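Peer 1: Residue-level listing of the chains:
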Amino acid sequence: MFLKNYWYAAALPGELGERPLARTICGEPVVLFRTEGGTFAALADRCAHRAAPLSLGTVRGESIECGYHGLRFGPGGACVKIPGQDSAGAAGPAVRAYPLVQRWNWLWIWLGDPALANPDTIPALSWFDNAAWTPFQLYFHVQANWQLFSDNLLDLSHVSFTHAKSIGSPEVSEIPLKTWVEGDRVFNRREMRGVTPGPFVADWGGFTGRIDRISSTEWSPPANLAIEARFADASNEIVVMVVNPITPETETSTHLWMGWARNFRLDDAAFTARARQENEQVLHEDIVVIEGQQSRLGADSAFRPYSIKADAGLVQARRIVARLLQAEASNAA
Amino acid sequence: MFLKNYWYAAALPGELGERPLARTICGEPVVLFRTEGGTFAALADRCAHRAAPLSLGTVRGESIECGYHGLRFGPGGACVKIPGQDSAGAAGPAVRAYPLVQRWNWLWIWLGDPALANPDTIPALSWFDNAAWTPFQLYFHVQANWQLFSDNLLDLSHVSFTHAKSIGSPEVSEIPLKTWVEGDRVFNRREMRGVTPGPFVADWGGFTGRIDRISSTEWSPPANLAIEARFADASNEIVVMVVNPITPETETSTHLWMGWARNFRLDDAAFTARARQENEQVLHEDIVVIEGQQSRLGADSAFRPYSIKADAGLVQARRIVARLLQAEASNAA
Amino acid sequence: MFLKNYWYAAALPGELGERPLARTICGEPVVLFRTEGGTFAALADRCAHRAAPLSLGTVRGESIECGYHGLRFGPGGACVKIPGQDSAGAAGPAVRAYPLVQRWNWLWIWLGDPALANPDTIPALSWFDNAAWTPFQLYFHVQANWQLFSDNLLDLSHVSFTHAKSIGSPEVSEIPLKTWVEGDRVFNRREMRGVTPGPFVADWGGFTGRIDRISSTEWSPPANLAIEARFADASNEIVVMVVNPITPETETSTHLWMGWARNFRLDDAAFTARARQENEQVLHEDIVVIEGQQSRLGADSAFRPYSIKADAGLVQARRIVARLLQAEASNAA
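Residue numbers (our numbering), protein chains in the order written: chain A, 1 to 333; chain B, 1 to 333; chain C, 1 to 333.
Chain A with its partners taken away, still in its complex shape:
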């Protein structure tokens, strides 16, 4: 089940060049494209005529032309041309159009009731449009349910184990986590004093010994995470903002986005390249475990998790999601 009345990250603007992009979001096949005039648009990826994917077609001016029989649809979903006959106009065929907004260098799609689509509710990720920060963005296609990645990021004790060779500090999992809820948001905070940085972290900050490490996590529904990670020794402090908009593809697959912004070495392109590569490795360490979880959960529907102290945040977030899903179902009925 998916929450529908929320914005989901759908693509990076740079993914939409001359070719349309096909992407399934919350089980719905969507075509994303940019018109020649520069408008970003999202339509159902299924021609109203005979169901050919519009994503196999071509952008023509302000519309997308089906690659099969040439029907054209505008960003609003109306058919603007049927070859061989008068265009059907208002009574003609149409495909569903989805609100799509560009913000913080992501394109955000709204799959629910269009009347409720308010861009002000897009998660605030200002570090990705701010000269004081140097950002990059990564995309991963994961064969697992979307909530498993929320769980992952709401319990960073896993960095001691899953990321022992990259960003982990062995002490993380033993240091208590503070968790609290504000409205529909869940917050975690862990202050780690005098811990060993993992090799990647040591390199980022030029740390040669133990450091203080403070992680502050904010989760908002359906599955948006923002983590402020502070690393400091006596002579240096660096801050990394890691954000993860998580977008369901299907019940068992996920579009996982990572945004990584730093407040140091701002103009060091070689460092950016290295940090990209390192974070790809980190995420792949997660993906192996999470796809393994999905495989085990899919094979045993009777499994009930055993909760430990470190689960406090993710248990809260799952309760909120369950309540919001219930509310959307009630509203629909």
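Careful, some of the hints might be misleading.
For chains that are exact copies, the list does not tell them apart, and a pair is met inside one copy or across any two.
[Claimed, not checked] In silico SDA-like cross-links for lysine to any residue, where the CA-CA straight-line distance does not exceed 20 Å:
#, residue 1, residue 2
1, K309, R319
2, K165, S301
3, K309, A78
In short, the hints are calculated from the structure, not lab data.
Every value quoted in this text rests on a predicted model; they were computed, and no experiment measured them.
Since chain A is already given, all that's left is putting chains B and C on it; use the hints.
Peer 2: Chains B and C in isolation, oriented as in the chain A frame:
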């Protein structure tokens, strides 16, 4: 659902060498083979003993020997040898045999009631056995329902879009189509005067400017298409016969045959090789779109197509198929 | 359906090095590992905390540590450490542990009632721990139901056909088989005098002409086979013991083990290497046919086999399995 009391193209004779050939047709696994005496035969591809595929076996004289325990079956399906015991004769095991006829350089199989199998009802494709024409044949394995390819060939307006870079004329889709029905057959005709030939067509006829282009299509059930394509300018006229016997493999996959015969450059082997390659490209342009359609239709059973003028022929053909399926179901009940 | 109160070959001891091993057995995902102290253990491959596969974790002393959040479980399944909190002890989380015994250079797992797990009922394969014999072991992963391989080995008439180019004698299938049952065991014996050895057999014994060939097969449930193969001419006799513990992975896939022990050329390592390679070829000849059977049986649940004389042994074995499955179901109810 499949029509059973019809001939389907099953293989090219040249596909049956020393090895038997496994091919699933209308959901039934079939083994096709040529006996040492030259008889072509089609049997259920499942040994009566313990279900091993006979296609893994070996042709022995006038029978096929199972590669597991050595039972042999003749072209009529009767077991003619059981190792280690007297042959079972009339009361022994047998596998289903299917009528199989060689005509027009295809092998045609009959999956329905054998008493109704009349070779005179095999589609007449005389261009493939006629010295006035130079033919070649292509085979494609497509992940889509068989009727989607009938649809494709009954609405050639798609050549303007799907084949824009190969055989399309941009004007095709704007020129009205004449459609009529005779019994269980559907006919289309489109006369295009002074149109731009696609690059392949220009090369075939040596055309340097605009041409007249006349396409005449005949569809007969279940899914046999014959298209006469005439291309002419003031100094030259060429004719190509394109035939497509379409054979269901499963509900969502298809054996697509193409026969292509020309009345020009009859002995030009290099031209044949080039035309083969070009038509493979053309069909792959179709296959991408049609497999996309299948994917979208498979994911959304509620989809209802929106009919446009160009659909006139395919709508008629689908009505005839629906009526014939109903008739076969009634006869079976 | 699987028999549960039996020992199944789960792994070779050499497969468990520093890394745990994931293997699904009778539909249950299992992690196999060796502790630092040398104990072999088998646990459900699903952390009690949040279902991550323990096989992605790490052996730590006498326990396995989950690679996600670091919970540790001992060979008996109890959780011995939860990071960040007191270990839960007896009331804490646990995963299912399976009895696991090393014998004859295999690890044997018991999936049924642990109270019934008696190592004395492990099949006696003494040739694999006996200086008078030189053994090797092979593993194959097969996409077919486990009983199809029992069938295969209980009717060696197939060697005339499936293995015609490797170990077959063309006469095998024509020579009668003697079959008898003792309790839950099935025995086959075929004495073949003056037959042609297949090329591999001729090489093994240095045979230049016809040989006597005596095959004695013992099957015990669920699917353990031991075949004594004697090959002799006037000047030489060699004996090969071929054993096949067969372990279901799922209903349609199987872990197939082969043990091959000889009483000749005991110290000839080059011969061992060649015989390994030859037996891999032989088994692959079987696997092609058996996966073909599975494919045909899976597509046609109405298929009923036609029994021939050579089936006498496998029919008895299938009756015993059916009776034992019934008994286990009755006991469970």
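Peer 1: Confirm or reject each hint.
Peer 2: Right, here's what the structure says about each hint:
1. K309 - R319: Answer is within; shortest intra-copy Cα gap is 16 Å, inter-copy 53 Å.
2. K165 - S301: neither (33 Å within a copy, 48 Å between copies)
3. K309 - A78: between (53 Å within a copy, 18 Å between copies)
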